[in-house]
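**Q** Listed below are the residues making up each chain.
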Amino acid sequence: MADHAHKLEIFRGLVKFKSNIQKIWGVLLFLTIITLIEVVLGIYKPSILETPLMTPFEGGFFATIGNIIFSGLIYMKPLNLIFILLTIVKAYYITWDFMHMRDETSGLRKMVVWTAVFLICYLIFILLQEGGYIEGVYTNGYIKRDF
Amino acid sequence: MDNTVASAKTQDQPWAGGVKPLKASYGKMMMWFFIVSDALTFSGFLAAYGFSRFKFIDYWPIADEVFTHIPFFHGNYPMIYVAFMTFVLIMSSVTMVLAVDAGHQMKKSKVTWYLFFTIIGGLVFVGSQAWEWKTFIQGDYGAVQTKGGNILQFGEYVSKDGEQVFKRVALRDIAVVQHKDRVQHKRKNGLWFVGESSLPSYNVSEVIAGVQANENVLVRTQELNDEGKKIVLSRLESLRMLKDNGKAVVEGANLKVNEYGSPLFADFFFFITGFHGFHVFSGVLINIIIFFNVILGTYEKRRSYEMVEKVGLYWHFVDLVWVFVFTFFYLV
Chain H
1 MADHAHKLEI FRGLVKFKSN IQKIWGVLLF LTIITLIEVV LGIYKPSILE
51 TPLMTPFEGG FFATIGNIIF SGLIYMKPLN LIFILLTIVK AYYITWDFMH
101 MRDETSGLRK MVVWTAVFLI CYLIFILLQE GGYIEGVYTN GYIKRDF
Chain E
1 MDNTVASAKT QDQPWAGGVK PLKASYGKMM MWFFIVSDAL TFSGFLAAYG
51 FSRFKFIDYW PIADEVFTHI PFFHGNYPMI YVAFMTFVLI MSSVTMVLAV
101 DAGHQMKKSK VTWYLFFTII GGLVFVGSQA WEWKTFIQGD YGAVQTKGGN
151 ILQFGEYVSK DGEQVFKRVA LRDIAVVQHK DRVQHKRKNG LWFVGESSLP
201 SYNVSEVIAG VQANENVLVR TQELNDEGKK IVLSRLESLR MLKDNGKAVV
251 EGANLKVNEY GSPLFADFFF FITGFHGFHV FSGVLINIII FFNVILGTYE
301 KRRSYEMVEK VGLYWHFVDL VWVFVFTFFY LV
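From first to last, the protein sequence lines are chains H and E. To convert, note that position 63 of the first sequence is 63 in the working numbering; the numbers rise steadily by one, no gaps. To convert, note that position 68 of the second sequence is 68 in the working numbering; the numbers rise steadily by one, no gaps.
Below 20 Å or equal to it, Euclidean Cα-Cα: the simulated SDA-like pairs (lysine to any residue) are: (1) E:K28 / H:W96; (2) E:K229 / H:M76; (3) E:K28 / H:G107; (4) H:K144 / E:S52; (5) E:K243 / E:S205; (6) H:K110 / E:G27; (7) H:K7 / H:L29; (8) H:K18 / H:M101; (9) E:K230 / H:T139; (10) E:K55 / H:T139; (11) H:K77 / E:K230; (12) E:K147 / H:T139; (13) E:K230 / H:E135.
Sample of chain H residues with no beta-carbon within 12 Å of chain E, all distances over it, derived: (14) E9; (15) R12; (16) V15; (17) K16; (18) L53; (19) M54; (20) T55; (21) P56; (22) E58; (23) G59; (24) F61; (25) I65; (26) G66; (27) N67; (28) I69; (29) L73.
The hints are simulated quantities; they were obtained by calculation from the structure and are not laboratory data. Idealized CB from N, CA, C, for every residue including glycine.
One chain only, chain H, in its complex shape:
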């Protein structure tokens, strides 16, 4: 496999490594920093990040659309949003650099990533939507659960 060339740039060419081994350690450093940020935020939980940034739009159809588009900012604590975004960043670098997705053909990359991302988003949407609905039934309905 002498022809096995690696792409040695990360951050869209901002950081360029001299060898594959150097890139591995660079990515490890980056992943470690992200994990440290997550752990520190998880332990201290700054109170500014505990309340959602936006309040839901009120009104008709467009307000609902707006609430869906900005749902991450309206219904989620900024802290949790940061955690999820950092997780996706970590997942990206593990897949792209440790699993060498960066060096595969774009066909293989799309087959794997698009399929997984589409189906996972679908699954998450369906299940969380339903969970939220049931929570509403419990809270606003006539089901007693504290006894």
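Take the given structure of chain H and dock chain E to it, following the hints.
**A** Here is chain E on its own, set in the frame of chain H:
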């Protein structure tokens, strides 16, 4: 794998066979597709966890209060141990990718050593997870379950740095031991097929007596207030809640009861981390097989270390899943 594929003079005829449009071998491609399907399995579990959590969004346990232990140390250290576990797994991913890189350069001894470190990392991780399970199953403070299946925990307000902080109190520190008639039903004492697991150390009336004797002790419910803190009842309400609704003493967690809150939390914890731990375990086994193959020179003879790369893909995937489990069980 140029030596295994018979690529004759067919390269310019697309339908004549031997063409690899994705420039990846069959084995590697199938490993990727297996990973996609396994990723969907794990997302199914995590999304089901999200479903249950959304269902009980105001009643869910706070992970920081559940996982607070470090081996050999006493005290309250949320997150630290699991951060260590995450780092161990990422580190073993790095040694794996270094092994793959050494394989591309056909350096047998380097591949051997890096694979060895990867296996050690995997074993440390599985061991840590076993310890985490043990701590979770044993429990910490103990709680009382109500008739409705909710959990009542105990604690008192203490002043810390001029602030009133709710500090948990363990059942063993407050319960007043009374005479008990109820003993564990063992199989030798009746029908040979009817038995039960060991009884909790205290019963509900001993806990009630304990709360009555300790005037500062209050009941904390599962319900979260607007600030995301568990609601603490007043002294009067605490006693009334306990006497009217207290049904069973719960110590630790299993698939039926969970002293930290909703039993679903424990169920998903056992299931998802268990399924992931099983992946790590089988990954370690596969790594060991590959390790011996490397030592025996199997891949040297094949003139290709692609098998290390394929196993490496699986190993990185296990790391990838843990990144998500870490976020959704411990952080969010």
